[in-house]
Structures are given as C-alpha cells and as structure tokens.
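Asks: Protein chains in written order, with this note's numbering: chain C, 394 to 772; chain R, 394 to 772; chain A, 394 to 772.
Just so you know, these hints were derived from the structure itself, not from any lab. Incorrect hints may appear among the rest.
Pairs count within a copy or across copies, as identical chains cannot be separated in the list.
Unchecked claim - In silico SDA-like pairs for lysine to any residue, Cα to Cα no more than 25 Å straight-line: (1) Lys-503 to Ala-567; (2) Lys-581 to Asn-675; (3) Lys-503 to Ser-740; (4) Lys-503 to Ser-739; (5) Lys-715 to Ala-619; (6) Lys-503 to Gly-441; (7) Lys-503 to Leu-401; (8) Lys-581 to Glu-535; (9) Lys-715 to Asp-573; (10) Lys-503 to Arg-744.
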Amino acid sequence: MTTSETALVSTLAGRYYYDDTVFAAEQERIFEAMWFCAVRSSDLANAGAFKAVQVGRESVLVVRGRDGAVRAFLNVCRHRGARICTDESGQVRRNLQCPYHAWTYGLDGKLIAAPNMSALTDADGAEIDRVAYGLIPVALREWLGYAWVCLADDPPSFVDTVIGSVTTRLGDPAAVDRYDIDSLHVGKRVVYDVAANWKLIVENFMECYHCATIHPELTEVLPEFADGLAAQYFVGHGAEFGSDIAGFTIDGSAGFDVLPGISLDQDRRYYAITVRPTVFVNLVPDHIIFHRMFPMAPDRTVVECDWLYAPDIVSEGRDVSKSAELFHRVNEQDFAACERTQPAMSSRAYRDGGVLVPAEHHIAEFHSWLVGMIETGIA
Amino acid sequence: MTTSETALVSTLAGRYYYDDTVFAAEQERIFEAMWFCAVRSSDLANAGAFKAVQVGRESVLVVRGRDGAVRAFLNVCRHRGARICTDESGQVRRNLQCPYHAWTYGLDGKLIAAPNMSALTDADGAEIDRVAYGLIPVALREWLGYAWVCLADDPPSFVDTVIGSVTTRLGDPAAVDRYDIDSLHVGKRVVYDVAANWKLIVENFMECYHCATIHPELTEVLPEFADGLAAQYFVGHGAEFGSDIAGFTIDGSAGFDVLPGISLDQDRRYYAITVRPTVFVNLVPDHIIFHRMFPMAPDRTVVECDWLYAPDIVSEGRDVSKSAELFHRVNEQDFAACERTQPAMSSRAYRDGGVLVPAEHHIAEFHSWLVGMIETGIA
Amino acid sequence: MTTSETALVSTLAGRYYYDDTVFAAEQERIFEAMWFCAVRSSDLANAGAFKAVQVGRESVLVVRGRDGAVRAFLNVCRHRGARICTDESGQVRRNLQCPYHAWTYGLDGKLIAAPNMSALTDADGAEIDRVAYGLIPVALREWLGYAWVCLADDPPSFVDTVIGSVTTRLGDPAAVDRYDIDSLHVGKRVVYDVAANWKLIVENFMECYHCATIHPELTEVLPEFADGLAAQYFVGHGAEFGSDIAGFTIDGSAGFDVLPGISLDQDRRYYAITVRPTVFVNLVPDHIIFHRMFPMAPDRTVVECDWLYAPDIVSEGRDVSKSAELFHRVNEQDFAACERTQPAMSSRAYRDGGVLVPAEHHIAEFHSWLVGMIETGIA
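Next up, chain C with everything else stripped away, as it sits in the complex:
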C-alpha cells in the first residue's frame, strides 16, 4: 500500500455547498448546459400529455405530439410571457393555448393562431413567421425510457456524455441494454424534498463508507457493503447478494423473476451508476431503481425515484412493496445524512473542506470535474 492509497485527501471547500454564486454557475454551466434527465416518457401516454419540469432556472414543457414524438419547449408564451402550463402535468386536447391572450401553439410548438393574427406583421411588415414566433424548442433525446433535455445552444454529444457514463461504469456497452430499461413499467415512484446541496447527494451515492453505519437492511442484502467499498469503486463490479439472500427486498425474501435479457453474471448482483449531473441508476436482477435530481437551491434538491419492473408485474398489480421498500429506506437514510451535513458546510470547521478516506478517493475526481465545469464552462 503506498501512501497515496491510505492518505486522507481533501474535499471541496465548504462554500461550494451553500454559496449562491457557485449554485448560479452550476445552473448555467451544468444543469442548463448538459443533458438533463427530465421525464419518464411513459408518463406522457397520449398526444397532448405534458409535464412541466424545472431544469436549471427554466421551466421546460415536455409534451407528446400527435405524431407520437416527445418534444420539449420553454414554458413561456412568446407574446407577453405567461406560463403556457402552470400545472406540473396534464393533458391538452389539441393544442397548447396560452390562457392569457389565447395565442395557440401546435404540439410541435408552431404558432397556429392568435386573436386578430391576420392583422399582425413583424417589425419589417412581413407576415408573422409561425416558427420564429413558436414556442422556443429545447433539445431532447429519449434513452432508457426517459426524455433527456438540453438547454445548450449546441448540446454536447449524448453518446459520449450520457451513454458513455454508463458504459464506463459497467465496462461494457451491452451491459445496460440487457435490462431493456425502456420497456419496463413504473411500479412505484417517490418524490423526496431534501434540504441539502445536490453534490452532497451525489457524493453520498458514490461511496459506501457510510453503509455499515446507516444502512443495516442494505448491508444485510449486500454483505460486502459492510466493508465500505462502493459498487462504483471498481469498473464493471456488481455487489453480490449474501448467500442467504433470496432477492433484493427489505427482508431478503425472494423478489420477482429475473429480467429476461440479463446475463448470468448480472444475476444476484447490484450495480450502481452515476450519470452526471443528476441521475443515479441501480440495477438489480428483477428491477431498476432510477433517481432523477432537481436542484432547486444551494440547500434544496428534489429527488424523484422510480422503481421499474417488467410490464406484467405492474399490469397484474403484483405487490412490489417488499421490493421497493428496501431502496426507499436507503433513500431516507441517505437524505437524512445529507441534511445533517448541509448546515455544517458554512462552519469555519469546514472552510477548507473535510477529508476523503481511501474508500472515498474516487469522489475527488467528481470534485475536480465540478470545479472544471463551473470555472471554465463546458469543455
């Protein structure tokens, strides 16, 4: 063991976790610049179904078109700026109509009607351009059954950044495909409102040095976690179920059938993936736990967690409670830990930050990445 492998390594300074200026830079250069996982596509079942999602400082309207495609727009009328949709989700009949002056947009965003529109021209006297005065589009990609949006004028490569994160972690581009995540159904969803900076939640997810202390149920199912090494520490490594554990459930009892496509070595294993900036994915043989974060303020993060199962499990109304309860409890334990950490970030004791033990050393790379992003913008 060399010194560096045993040494305590510095974390970010405390101000990164409470400073309004840091958070503003993160909004501009991270959440509004990278691909941001916004909505489970299946939540938008039919044409006209919409969700309004907070991405950085923007309300983004994600809506399914009559052609079946999902699109995203800034949720702002081009006339006088009213919110098109104020409900978090809903269903429109045919079009998106601003309820203030009735400017009306197609589900593809084009301006299709406005009172006295025939008498309107642009500043040059030309007829109104229905695209130029349409809703402002936001880039969108669907993957793993989710709609990912990007507010950047020139979005980074989805393949390199989003898909690349998963491949790098699992060591194999095919590994995630075998779970066929986009075909799964949402069996349970919980929304957590966490009084902590989003980075504390990322760091917590990345390490398992805390597992023995706060996750008794999880370490029962995954005994190697009691040693403090996170699944994320090794490329391609999945934590193995304990020998007496039948399934990834709150009491170790049997779960559901293994998902049909996965490989033999993926059975009885737990994989954890961070997709920067705001997504965590956990893979277990019979379901997927998919977290999306919505950073609202330096000290507040909303986390939406989906438990995804094979379609028949959901459609037959089978009981997922023992299955979902395990990670729900983990979430509550983790978020409580993050919430008790947030207030100390502004203490003089944390002015230069704290320390990472060897089992947390990989978090330092997250810290360097973050500093690089907010200090120099998108590379």
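For chain C, the structure is supplied; the task is to place chains R and A on it using the hints.
Replies: Below, chains R and A without anything else, positioned relative to chain C:
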C-alpha cells in the same frame, strides 16, 4: 394600414419585473417621488382616526386632525424610532403618543409632551423646537375623496400629474367631475394580495386583447371588448353596454339609478383611467370602481379596490352584490393572469421581453415612461 | 446643569439595526471574538450531557466530560462535515459519534475510532493524529454557574472583560460573589423569540426612561424607576424597593428568604448589570434573573432568561410564580417595545438615527464601543 400599425413591438426586458435593483429604483423614483393614492378620506371619519399605509419603503400615517383636515406623517417617533401606530388603522383619543417612552404629538404632528421635557435642550442648549422634533410631515392632497400623499421634498404638480392623467384620458376636465366621486360612499371593498409585479397589473389594466379569453362576463356586458380594443385606447371613448344589457352587473340586470350629475353620453358607458403610478378608476353610470395598488416587492402587489355608490344606496343598505360581483370577478381573472406571467419573467425566453400586438401598442409609452423615470429620476 | 447634561444626543444611524453587512461584522468581531455566555452548567448534569448552541455563525457543542469538566467544540465532524449533534440538547452514553460514517470522538474531543482507521494515514503517510483530527476545541470558562465560550484564536482576558464588566457596574469585586450565583438552581426558564435587533434589546435594558410608560408593575416595586433613571446609571447604585413593598414579586408581596451571603445594603435593592455583548443580570435579595441573548439575524434575537433561586426553594418545589412573573412581564413589555422599534430603523426618518435624552446618555458609550468593535476589530 402602415407597417407600424400592424407590427409586433417589443416590451420591456424580463428583468424589469423581478430585479431587486429595478424595484428599489421604482420605490425611490416613482412611489416615493410621485403622488401616491393612500387612503379613502371617509375612512378617517372623526378627529384622531388614522391609517398606516405603505408608500414605497415608508410607513405613512394618515390622520384626521381636530380641525377636520387630513394630514400625513412618517410613522416614526423622533426619539428612538418606535412606530407610533402599529395597527393598520384605528382611532386615538386626543394625541398620537409613542407607546415606548410616551413622547406625545398633536394630531398636527407637533411634539407636545415628553417625560422630563422641561429638562431637555437641543445640542446648542436651546429649548426643544416642537416642530423640528415633531413628526415628519408628508405632503398630502385630497381629490376624488382620497388622500394622495407625496414623499418627495419638492412634490410634482398635482394638477399636471394626477388631475392631468384623468383629463388626458377623458378628453375633458369636466368629465370626471360630473360623477362627483368624493361624495360617494364605499359600498364594498376587497383587498387582493397578488403574486406579481405591479407593472404586469398596469399593463393588464391598459389592454383588452385578453378580454375575450378571460373575461366572459365583462365582454357580455361590453361587447366591443370582445374585439380586443381597450377603452383606454381612444381619448374620451367609453365602451358601450350591449343592447340587451340593463346595467353594469354580473348578469346584465339593471343596476341603480344613474349618478345625478353625469351627462347623457356618459350613460350606458364604461370608462377606464390609469393614474400613474398605482391607481385605476372605472366609471360606469351608477358606480365607480377605484383601485389603489401597494407594490410590496418585485413579485408582490397588494391591490385595494373600492366600489363607490351614491350615499343613499349605502346608507339604506341596498344590495350591491350583483353590481360589485362583475368587477370583482374581472379582478380575480386579471390577477390570476398576472400571477401566471410573473414566474416566466426570469426565463431566457423573456430575456429581451415579449411583443405587443397593435391593440397593445399604447403600452409601449408606459414602458418608455417607466424607463425614463427610473434611469434619470423625476423629470 | 451644563448644556451637555440636558442636550439630546444622537443615536446610531438606522442602518446599524438592519444592515446585513453590519450584522456580519458583529458576528465576526463581537459574538465570535468575545466571551459569549452559552449554557447554564447545571443543564449538563452528567458525563455525556450536551447542548448545541448558536454562537455567531457557529453551532458550538458544549459537553460534560467523564472527568466532570465542561468542554466546547465546533459541532462538525472532521471527516465530511456532518453535524455531530442535531438535537439542541441530549445525553450520549460514552462518546460523540458522527451518525454518518461513525467517526467517534471522546468527550474530550479526541478522535478515538473510525471504520478502517488502522488503514488511514495523513497526507505525509503518518498515522492519523487523534488530536489534530479531533473535534475543534472552543475556549471555555465557567463563571456564575454558566459556561462562557470564545471562538477567538486568542481570547480576550476573561477577568478584564467579563468579570470586569460586573465589577465596574457594582463598584466592588466582592459584590456579585455574595450572591453565590453558581450555587443557585434554575427555578424557571423562558425562551423569547424577539423580532428585533439585539442592540435594541441592549439599549432597552440600559435605560429606564421607558419604565413609567410600559412597566407599571416594576415601577410599583421600584418607585425611583418612575423618574426614568436606570439602575445602571450610577456605579454601585441599587434601586430601592418601595416602602410598602415586601418583596420583588408581581404584587409586592413577600418573596423568599434573603440569599444568605448578601450584605445588609444589598437587601431590598435591585441591581442591573450588562455584560457585553449578550448578557443581562438582575440581582434582587432572594433571586437572580439572568438573560442570555442569541442574535440570529439583524432583525431576530432569541433571549433565554433564567430565574435562579436558593437550592432548597427549587428542590422543595416551592411556588416561584409570583416571584418570576414580575420580570417575565417586564420582558414581554420590553420585547414588544423593541419589536415595534425594529421596522422603523429603515425609515428615512431614522436615516441619521434618533436622539438620547439625558437619562439615556450613557447609551452613547455603548454606541461608540460598538462602532469601534466592528470598524477596527477587537482592540
């Protein structure tokens, strides 16, 4: 039709509606510099009746004196700064006494007593000047039955600015006098707390392009409003009641007797007047709807609305509910629209503002006026 | 009488009472630099009992050790910054353990255990220093039965600043000792949450010009207070009970036996002492009223008030209500006055402050002291 008459014209940029610096400039250069309509004079029935009103950043105490005159003062004791009156309104017996150390002021603001006052001198050893150490006076004018105050050291001309606004709109100095507004009584009052910038409320009041969309009851009574042209668009124009409409009521049923002094052409018509910065007046044949705004924060405005009727209608307790309900519903519809507009002001979609259609072009003059006021101060 | 003795003297400008910058300077240069009275030592009865107290911007953990000594630490884990104790008070069994990753500290602050600690080294490869990675200690002194803490690297002299304040006021170092305050027991405690700047509370405590106006019960017991001269105005002076007053109680009825150690001239007298920055002590023959302030924001101060009695009075459960009610009512009267003063601090009427009458002249020295502290730091 020339190009300019059909063209979309730019609004103010979004930051004007949420920026603390803009609001601070508005407080200093508009609300604390112009005549601000504070109180219905009749609310101060007897000597010693007072109201404490927020004007810009100041609490202004408006009080009726023993001589019957209404006066205004800063609501701050000259000794150690306690609020003289903390209730929003009330009635004192003889004097205004600070409840902390009992410094006592006459209803004319003069310091008339303080514990051990005979042993006090100013810094030069002279006897205390009862005016210099009296409550700080605020300029006050009464008109239309309201007390208008001005915090400026050198108030602008009341005739040119306040009365002039009404005359310019109605095209005739005598037009408003015929309603004899100061003789009317308050039949109903509603206070609205609106989560929107005060300028969104002004703009909303100035245009009727939204009427067809959000005001079904109002356009029933005033059919020309369905075309989107606000009453304010033409000098002297009053919107005419529909031919099947008996009165300005929620269901078009008959209202009360026409106010005695109005002219024949004022009957069956609705006039709307904006008196900058914070007053809207609506004239209909049998009553007046009088709005005073109190801007509290960039995104919060309190609006107090009075419905004024001939004295006997109020004193006889006649039922004004059908009459008052019409504009109360209009207010709720308008303020909901303003509240859904406020959050989008900070979107990148509104960074350079939105657009005004021809029926809203006159709002551009309000925008230029505002920019002129906060950038250069009072002309 | 010379001019200066009768003249009105200026107070601090209004901004000192609401400005965030002023409050930040006070936190850094006063609350975190001076001795700050934190906890009644007897509240920490046994080894492992703790209280978490806000001192300036820091949460300070005060805990009784196994050796009986009381110690203070920053309430922040040295690993990743979690709060060690989130409850305001409590009792640990053996050690202080961070509930996030189980880093464990002795009651003396030393790091005594951490998961995989044997495999940890510092950046130089050396074994972890259990003191260097222990909880960060905060200076602590006990006096009058309270634990006083100081966050300064180099605390000022406790004798000169804290004890000196009391001696200067009472004129005799032995005067306070005779009350044997550290032997007394807490008979009643009330915590007040006051919407006012801490300096308004200090100023209120320092003068009695308001007594005739707002303290009818107190001036009944101490008739000289009706003249407006505070007990604090004269060195060594104690205000004398009225001739018909049997004890310091809400109705002037008899209190308890005189505290055994006090001198004859201390009987039937009331003494008031301000120990800057945040402590007020009142001495009466049969009990002590001890206030600690916790400034939370420019416009919010928590005040914790203890009524201290001879041990047997508390242990026998004797009724202290008439005794404690008198100053509880005074507190409520005073804090209401401070709360009505706070909002006017930002008025243009108080831009240059107000005035001090002769009976308040000594407050000017508090103002000079404050300005000196925040402008130049600790002298």
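Asks: Could you place Lys-503 and Ser-739 in one of the four classes (within, between, both, neither) given a Cα distance threshold of 25 Å?
Replies: Answer is between: at 22 Å across copies they meet the 25 Å cutoff, but 47 Å inside does not.
Asks: Are the CA atoms of Lys-581 and Asn-675 at most 25 Å apart within a copy, between copies, both, or neither?
Replies: Within. Shortest intra-copy distance 15 Å satisfies the 25 Å Cα cut-off; inter-copy 54 Å does not.
Asks: How do Lys-503 and Arg-744 come out at 25 Å by Cα distance, when the copy is not named: within, between, both, or neither?
Replies: between (51 Å within a copy, 20 Å between copies)
Asks: Give the relationship of Lys-715 and Ala-619 under a CA distance limit of 25 Å: within one copy only, between copies only, both, or neither.
Replies: Within one copy only: 22 Å inside a chain, 59 Å across chains, cut-off 25 Å.
Asks: How would you label the pair Lys-715, Asp-573 (within, between, both, or neither) given a Cα cut-off of 25 Å?
Replies: Classified as within; 23 Å inside a copy, 62 Å across copies.
Asks: 25 Å Cα cut-off: does Lys-503 pair with Gly-441 within a copy, between copies, both or neither?
Replies: within (14 Å within a copy, 62 Å between copies)
Asks: Cα distance capped at 25 Å. Does Lys-503 pair with Ser-740 within a copy, between copies, both, or neither?
Replies: Close across copies (19 Å), not inside one copy (51 Å); limit 25 Å.
Asks: Since the copies are identical, ignore which copy is meant and state whether Lys-503 and Leu-401 lie within 25 Å (CA to CA) inside a copy, between copies, both or neither.
Replies: For Lys-503 and Leu-401, the Cα distance is within 25 Å only across copies (17 Å; inside one copy 56 Å).
Asks: Please sort Lys-503 with Ala-567 into within, between, both or neither, judging by C-alpha distance up to 25 Å.
Replies: Answer is neither; intra-copy 38 Å and inter-copy 50 Å both fail.
Asks: Can you give me the call for Lys-581 and Glu-535, within, between, both or neither, at a CA distance of at most 25 Å?
Replies: within (21 Å within a copy, 56 Å between copies)
In the structure shown, a violation is registered for the earlier hint numbered 1 alone.
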